[in-house]
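Using the sequences and the accompanying hints, generate a full structural model.
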Amino acid sequence: MGVEIKESSVSDEEFGEMKRFVRDYLSASVENEDDGGRMRWYPWHSSEYRFNHILNVVELASDIARREGADVDVVRVAALFHDISKLEAEQEVHAEEGARVAREYLEARAEFPQSFVEQVCDVVSTHSYQGPLTDVSLETRCLIEADILDKVGANGTALMLLRMGYEARTHMEASEMVERVLERGRDATDRIESDAAESIAHQRLKRVKWFREWLEQEVPGMDHEEFGA
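Going by numbering that gives the first Met the number 0, the first residue of the sequence shown is number 0, and it counts up by one from there.
I should point out that these hints are in silico values taken from the structure, not numbers from a laboratory.
Only a predicted model underlies this, so the values are computations on that prediction, with no experimental measurement involved.
Ideal placement from N, C-alpha and C gives every residue a C-beta, glycine not left out.
Warning: the hint list may mix true and false statements.
DEER-style ranges, computed between Cβ atoms [stated by the list, open to error]:
1. Glu89 to Glu217: 39 to 45 Å
2. Asp194 to Arg19: 30 to 36 Å
3. Glu58 to Asp186: 19 to 25 Å
4. Asp194 to Arg108: 20 to 26 Å
5. Ser114 to Lys18: 20 to 26 Å
6. Pro131 to Ser8: 27 to 33 Å
7. Val92 to Lys205: 21 to 27 Å
8. Glu95 to Glu16: 40 to 46 Å
9. Gly15 to Pro112: 18 to 24 Å
10. Gly130 to Gln216: 37 to 43 Å
No farther apart than 27 Å at their CA atoms in a straight line, the calculated lysine-lysine pairs in the BS3-like style are these [to be verified]:
11. Lys150 to Lys18
12. Lys150 to Lys205
13. Lys150 to Lys208
What follows is the structure, encoded as structure tokens:
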């Protein structure tokens, strides 16, 4: 058997240019809307939050891809483009729109093989798939798992506490809100298939549990008896 030759490689310079494009595209998506962008009134759906989420997913997806033997170039480029249309398209079609933007960029600005472009676009267009992850390609699975994991753990807890302030809740409800992060995290990990993603999920859930326990110890008046361990 011959040695498999990798058809495409994305340089750091090329990837840096892609990141700048995605950041600028998200900013323009907000600026071009008369009402400030779709869902702009929800702070964590701003272009700043969305770009940060994308970068988080790129790191997570790349890590999972390396550990699971997936094509890291395909995964990290798809992760970078996966939510590029989130602020301008409806939720139901943002994945397909993201794939369209990714295709236009990759075909116009770089000389990547068509097979690479097709694979990236396929991963982007299917990253919102809600069925079993055994039904999708390894690269798509890496992206979906990373997308799930970014909402689990410290980041998910911070976003939930931010929501508390936005909804004018008191700090005495913090334990309940953090418990919701744990519940959502447990539900999310039920979808995960890879050993790499499962390991990350368990570590992140453990940290959230510790935070909830510390919070309850330091605020004795917080009513948390209804929540399980």
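- Task: For the pair we were handed, lysine 150 and lysine 205, check the Cα-Cα distance against 27 Å.
- Result: Holds, at roughly 14 Å.
- Verdict for proline 131, serine 8 (Cβ pair) under range 27 to 33 Å: Since proline 131 and serine 8 have Cβ atoms about 32 Å apart, the given range 27 to 33 Å holds.
- Item | Range agreement (Cβ of arginine 108 with Cβ of aspartate 194, hint 20 to 26 Å) | With a Cβ separation near 36 Å, aspartate 194 and arginine 108 fall outside 20 to 26 Å, so the hint is violated.
- Mind checking the hinted window 18 to 24 Å against the Cβ distance between glycine 15 and proline 112? 21 Å, holds
- Item | Cβ separation of glycine 130 and glutamine 216, checked against the hinted range 37 to 43 Å | 41 Å, holds
- Check the following: the C-beta atoms of aspartate 194 and arginine 19 are separated by a distance inside 30 to 36 Å. Hint holds: Cβ distance 34 Å, inside 30 to 36 Å.
- Task: Could you say whether the range 39 to 45 Å given as a hint is met by the Cβ separation of glutamate 89 and glutamate 217?
- Result: With a Cβ separation near 42 Å, glutamate 89 and glutamate 217 satisfy 39 to 45 Å, so the hint holds.
- Straight-line Cα separation of lysine 150 and lysine 208 no greater than 27 Å? 15 Å, holds
- Message: Looking only at beta-carbon atoms, does the pair valine 92, lysine 205 fall within the given range of 21 to 27 Å?
- Response: With Cβ atoms ~36 Å apart, the hint is violated.
- Item | Whether the CB-CB distance between serine 114 and lysine 18 falls inside 20 to 26 Å | 23 Å, holds
- Measure nothing beyond the straight line between the CA atoms of lysine 150 and lysine 18; if it is 27 Å or shorter, mark the hint as holding. Satisfied, since the Cα-Cα distance of roughly 21 Å is no more than 27 Å.
- Is the gap between the beta carbons of glutamate 95 and glutamate 16 within 40 to 46 Å? Because 24 Å falls outside the window, the suggested range is violated.
The structure is inconsistent with the numbered hints 4, 7, 8, although it conforms to all the rest.
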